[in-house]
Amino acid sequence: MIAGPIVDVAFWLFAIGSVVAGYRVFRTDSMVRAAFYLLASFTGVGGILVLLGAEFLGMVLILMMAGEMLVMAIVMVMFMMNPAGLNPMVMVHQNRIAAGAGIVAFVALAGVGLVGQFPDRPAPEPAAATAQLGTELLGDSMLVFQTAGVALLSTMIGAIAIAGRRGRYGVAEDGSVEPPLQPDEERAR
Amino acid sequence: MTTEAVLIVAAALFGIGVYGALSQQSFVMLMMGLELMINGAILALVVLWARSAGGNPQGQMLGVVFMTVMAVEMTIGFTLITGVYRVRRADITEKLRRLKG
Chain E
1 MIAGPIVDVA FWLFAIGSVV AGYRVFRTDS MVRAAFYLLA SFTGVGGILV LLGAEFLGMV
61 LILMMAGEML VMAIVMVMFM MNPAGLNPMV MVHQNRIAAG AGIVAFVALA GVGLVGQFPD
121 RPAPEPAAAT AQLGTELLGD SMLVFQTAGV ALLSTMIGAI AIAGRRGRYG VAEDGSVEPP
181 LQPDEERAR
Chain X
1 MTTEAVLIVA AALFGIGVYG ALSQQSFVML MMGLELMING AILALVVLWA RSAGGNPQGQ
61 MLGVVFMTVM AVEMTIGFTL ITGVYRVRRA DITEKLRRLK G
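Protein chains in written order, with the numbering used here: chain E, 1 to 189; chain X, 1 to 101.
Same shape as in the complex, but just chain E (with noise of 0.2 Å):
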C-alpha cells in the first residue's frame, strides 16, 4: 500500500479509464474492438491493484486477460457475424431491463461500499507483500494453489472432449445421439 498525491492522480485516471472502457465494450460496433476495450478495463484495473499493493496479482491479471482478449477476438472472427464492426450494430435484448438492473446493481453495491465500516490496517510494503505471496503460494496455501492447477487441468481435457469434432456422443454435425443402454444395442446398429 503507498499513498501520495501522485498515486491519487494515477489511481483515478486508471479508475476512470477502466470504467469508461468497460462501458465502451458494448457501445462499438466492433466485436474485435470490444475485446480490446475490455482489456484496456482489465489493464486498469491491474493498474489500480499494483497501486494497491498487490502487484503480483494485478500483472497476472494484465498477462492473462492480454492472452484471454487475442483468443476472445480470434473466437469472435471465426463464429460470429460481423465482427470487424463494418456495419452500425445493435445487438440486445430487454435493453431496459439490463441496464436497470446494472444500475441497481451499482447503486446497491456503491451504497454498501460507501455505508459499510471497513478495517483500516493498510499492508505493508509492496516488495514483502510479494515476497509473502510467494512463500504463501509454496507454503501454506500450497494445496489451494495445486486444486487451482489441477482444476485448470481438468477444465482443459473437458474443454477439448467436448469441442473435438467428435464430440462425446458421435460427431458433432449429426447433433449428439444418445449413447445406448445396452452395450448389444450399439453392435445391433
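If you're looking for bench data, these hints aren't it; they were derived computationally from the structure.
Note that the structure is predicted; figures quoted are calculated from it, not measured.
If the Cβ cut is set under 7 Å, some of the chain X residues that face chain E in the computed set are:
hint, residue
1, T3
2, I8
3, L13
4, F14
5, I16
6, Y19
7, G20
8, S23
9, S26
10, V28
11, A50
12, T68
13, M74
14, T79
Note that CB positions come from ideal geometry on N, CA and C, so glycine has one too.
Given the structure of chain E, go ahead and fit chain X onto it with the hints provided.
The following block gives chain X in isolation, referenced to the frame of chain E:
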C-alpha cells in the same frame, strides 16, 4: 485513494457487467459482461485485502482463486460456443430455443 472510492469503482464495473451479461445477444459479448463482473469483484477483494489484516498474503490467495474461476469460465464458455456453432450454426442467444441437439 480511499477504500470507498475503490469500492465505488468496483461497483461501477460490476454494474456495467450486469448490464452486458443481461442485454447482449452475442455469446461472446455476454461472456465479456461476466468477465467485467469478476473484474469488479477482484478489485473489491484486493482493496479490502490491502486495507485489512495488515496485508496477510492469504487474502491474495483468494484473488488467485478468482482468476482461476475466470479462466475456467472462459474456457467452458468458448467450448460451448464451438459446440453450439457446430450443431446449430448459432452465434446469438435468440437462435437457441432449446438445448437438446
